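Visitor: So you can see what is in the structure, the chains are spelled out below.
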Amino acid sequence: MSRTLITTCLIAAVGLALFVSAPTRGESADPAASRISGLYEILLNTMQRGRQLGLKGRYEKLAPVLSKTYDLASMARMAVGPSWNGLSAQQQLEIVNAFTRMTVATYASRYDDFSGERFEISQTVDQPNGDKIVKTRIIQTNGKTVALNYLMRRSGAEWKIMDVYLDGVISELASRRSEFGAILKSGGADALVNLLMRQGDKLLAGRS
Amino acid sequence: MRKTTLSVLRVTAIGLAGALEGCASSDGSVQPPQLLASQTVATLENASAAVQAPTDFMSLSDEPKGTRDPFETGNRSVFEFNQRFYRTTIYPVAKAYRETVPEPVRDSIESFASNLGEPLVFANDVLQLRFDAAATTVGRFVMNSTVGIGGLFDVASKQNLLRQSGDFGQTLHVWGVRDSNYLVVPIIGPTNTRDLIGTTVEFGAMIPFGWMLPTHFAAGARGLSVAGPTASTFSKLDKVGDMETLEDSSIDFYIMVQSVVTQKREAELKEALATSGWTALSNVKTTESASSSPFPKPVPVAGMKPRPTPESSMQ
Numbered sequence: 001m002s003r004t005l006i007t008t009c010l011i012a013a014v015g016l017a018l019f020v021s022a023p024t025r026g027e028s029a030d031p032a033a034s035r036i037s038g039l040y041e042i043l044l045n046t047m048q049r050g051r052q053l054g055l056k057g058r059y060e061k062l063a064p065v066l067s068k069t070y071d072l073a074s075m076a077r078m079a080v081g082p083s084w085n086g087l088s089a090q091q092q093l094e095i096v097n098a099f100t101r102m103t104v105a106t107y108a109s110r111y112d113d114f115s116g117e118r119f120e121i122s123q124t125v126d127q128p129n130g131d132k133i134v135k136t137r138i139i140q141t142n143g144k145t146v147a148l149n150y151l152m153r154r155s156g157a158e159w160k161i162m163d164v165y166l167d168g169v170i171s172e173l174a175s176r177r178s179e180f181g182a183i184l185k186s187g188g189a190d191a192l193v194n195l196l197m198r199q200g201d202k203l204l205a206g207r208s
Numbered sequence: 209m210r211k212t213t214l215s216v217l218r219v220t221a222i223g224l225a226g227a228l229e230g231c232a233s234s235d236g237s238v239q240p241p242q243l244l245a246s247q248t249v250a251t252l253e254n255a256s257a258a259v260q261a262p263t264d265f266m267s268l269s270d271e272p273k274g275t276r277d278p279f280e281t282g283n284r285s286v287f288e289f290n291q292r293f294y295r296t297t298i299y300p301v302a303k304a305y306r307e308t309v310p311e312p313v314r315d316s317i318e319s320f321a322s323n324l325g326e327p328l329v330f331a332n333d334v335l336q337l338r339f340d341a342a343a344t345t346v347g348r349f350v351m352n353s354t355v356g357i358g359g360l361f362d363v364a365s366k367q368n369l370l371r372q373s374g375d376f377g378q379t380l381h382v383w384g385v386r387d388s389n390y391l392v393v394p395i396i397g398p399t400n401t402r403d404l405i406g407t408t409v410e411f412g413a414m415i416p417f418g419w420m421l422p423t424h425f426a427a428g429a430r431g432l433s434v435a436g437p438t439a440s441t442f443s444k445l446d447k448v449g450d451m452e453t454l455e456d457s458s459i460d461f462y463i464m465v466q467s468v469v470t471q472k473r474e475a476e477l478k479e480a481l482a483t484s485g486w487t488a489l490s491n492v493k494t495t496e497s498a499s500s501s502p503f504p505k506p507v508p509v510a511g512m513k514p515r516p517t518p519e520s521s522m523q
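Chains A and B, in that order, are what the protein sequence lines are. The first sequence runs 1 to 208 under my numbering. The second sequence runs 209 to 523 under my numbering.
Mixed in with the good hints, there may be bad ones.
Here are the simulated lysine-lysine pairs, DSS-like style, with alpha carbons at most 25 Å apart [as the list claims (entries may be wrong)]:
| id | chain 1 | residue 1 | chain 2 | residue 2 |
| --- | --- | --- | --- | --- |
| 1 | A | Lys132 | B | Lys366 |
| 2 | A | Lys68 | A | Lys132 |
| 3 | A | Lys132 | B | Lys303 |
| 4 | A | Lys56 | A | Lys202 |
| 5 | A | Lys68 | A | Lys56 |
| 6 | B | Lys493 | B | Lys478 |
| 7 | A | Lys202 | A | Lys185 |
| 8 | A | Lys144 | B | Lys493 |
| 9 | A | Lys68 | A | Lys202 |
Calculated from the model, a selection of chain A residues having no Cβ within reach of chain B, i.e. all distances over 12 Å [to be verified]:
| id | residue |
| --- | --- |
| 10 | Gly38 |
| 11 | Glu41 |
| 12 | Gln52 |
| 13 | Lys56 |
| 14 | Ser67 |
| 15 | Ser88 |
| 16 | Asp167 |
| 17 | Ala174 |
| 18 | Arg176 |
In case anyone wonders, no lab produced these hints; they're calculated from the structure. Since the structure is predicted, the reported quantities are computational estimates derived from the model, not experimental observations. Cβ atoms here follow ideal geometry from the backbone N, Cα and C, with glycine treated the same way.
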């Protein structure tokens, strides 16, 4: 790879990060924050071309970035809880796959249109155990904002999302854990997989 | 006599509009999955630093600490009923309201209704010995009523006097009613036994103040759109995004809503407890117990085992 090409790529990456987020105090340099920037950039892009792409197109566009940015396997494992160890490898795989599919389908279903939203990364807070919380806001055209915080954990060389906090306090993982817990108790792992698959189906069959 | 009826009607309309505003969704702009509520990037955002991160799934207890729901069967039926009711009645009206009434007008109506509720917030903040919050509330009320022209404009927020929490259910929590059972009330929506008592007490307390009719109706509207503020999240759910989409991304919608409203409410309660003078007073009395640390305990997220508390300042 030529030096010019590398330099160009670096400049482009930095430029993109600056364009997407409004970093303060050099947050764009933070690796966890950059991951979120990258995610938001692709989401924005998907929203802008939402109608063009259609549901299937959006799903295909979002699947790779979501799988890379979210640690969906760990989230699924955490949502199931300690009974995870009692499940067969096959069941575990099915749960992770079904959960991944449903998550991507949810995003594909929602990010279908662009109405002038802006994503802003406001802060990255280091946690004592080495995790990071990346605080972001979605700013709508009417000025109203919604806070979304991402709990990021290092997974090998990369930072991945372990949990999302709406309003800073509503944890997605906690909600999922409550949901999964109720279903596992009444119907076991197979019931969980079925429900996850069915929900995914419903989303993917929805309006384009 | 006729004049009174007219003004009552007017105030009722305002109160209802205020409640509807809580239900009205925005222009349906795209939101992330399970995106729920709150237009206020408020003090609760700071609580995120205290939210527990799941460290390892092995350390999580088998039974999610979660919500106490002994009335689950009944609650689920009421929940289903409410969903049908909202879909057929409330959402279409809220949608029409959103589409016909311009946004600045809707904002003003909401500010007006909210301003009328500030005296109740103040009273509860005082009862909780949260004097900073009480002072801020007074400042808000004065500023919004004068500069904000009778509460139509929330100018106080721009001066960094943000809306404070303060309802009787929260007061009861600060006073010691910690655990409560989840309850889904017809039409009003999710709440819990303690908060329902709180709302009822507030409503009842306003009855003697018949001359403060506007505040009375504000309390009523608050009760409708707040109902142990768990429901405020619920009604605001449609404010920003699609209830339908939340439902689509849930495998058990009843549990999803329960988890969401409970988490939000817990955060509000913890914040009140942390900043309450009662907590500080009880810390002065006790000497060594770690549980009496003046530092706010990390907010236990439903299902997560709380971390050991940080070092107490009392060594």
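Visitor: Using Cβ atoms and 12 Å as the threshold, tell me whether glutamine 52 of chain A really stays out of contact range of chain B.
Guide: Since the minimum Cβ distance to chain B is about 15 Å, glutamine 52 of chain A lies beyond 12 Å and the statement holds.
Visitor: Is it the case that lysine 56 of chain A keeps its Cβ farther than 12 Å from each residue Cβ in chain B?
Guide: 17 Å, holds
Visitor: Next pair to validate is lysine 493 of chain B with lysine 478 of chain B; report whether the Cα-Cα distance is within 25 Å.
Guide: 21 Å, holds
Visitor: Holds or violated: are the alpha carbons of lysine 68 of chain A and lysine 56 of chain A at most 25 Å from each other?
Guide: Satisfied, since the Cα-Cα distance of roughly 19 Å is no more than 25 Å.
Visitor: Beyond 12 Å from every Cβ of chain B: is that where the Cβ of arginine 176 of chain A lies?
Guide: 8 Å, violated
Visitor: Taking 25 Å as the top limit, are the C-alpha atoms of lysine 56 of chain A and lysine 202 of chain A close enough?
Guide: Given pair lysine 56 of chain A, lysine 202 of chain A holds - Cα atoms ~13 Å apart, limit 25 Å.
Visitor: Given the proposed pairing of lysine 68 of chain A with lysine 202 of chain A, does the C-alpha separation stay at or below 25 Å?
Guide: Judged against 25 Å, a Cα distance of about 24 Å means the pair holds.
Visitor: Beyond 12 Å from every Cβ of chain B: is that where the Cβ of alanine 174 of chain A lies?
Guide: Violated, because the least Cβ-Cβ distance between alanine 174 of chain A and chain B comes to about 4 Å, which does not exceed 12 Å.
Visitor: The output says glycine 38 of chain A does not contact chain B. Does that hold with a beta carbon cutoff of 12 Å?
Guide: 15 Å, holds
Visitor: Would the non-interface assignment of serine 67 of chain A survive a Cβ cutoff of 12 Å against chain B?
Guide: 15 Å, holds
Visitor: Against chain B, does serine 88 of chain A keep a CB gap of more than 12 Å to every residue?
Guide: The claim holds: serine 88 of chain A sits with its nearest Cβ about 17 Å from chain B, beyond 12 Å.
Visitor: Taking 25 Å as the top limit, are the C-alpha atoms of lysine 132 of chain A and lysine 303 of chain B close enough?
Guide: At roughly 39 Å apart (the allowed maximum being 25 Å), lysine 303 of chain B and lysine 132 of chain A break the hint.
Consistency note: the structure conflicts with the earlier hints numbered 1, 3, 8, 16, 17, 18.
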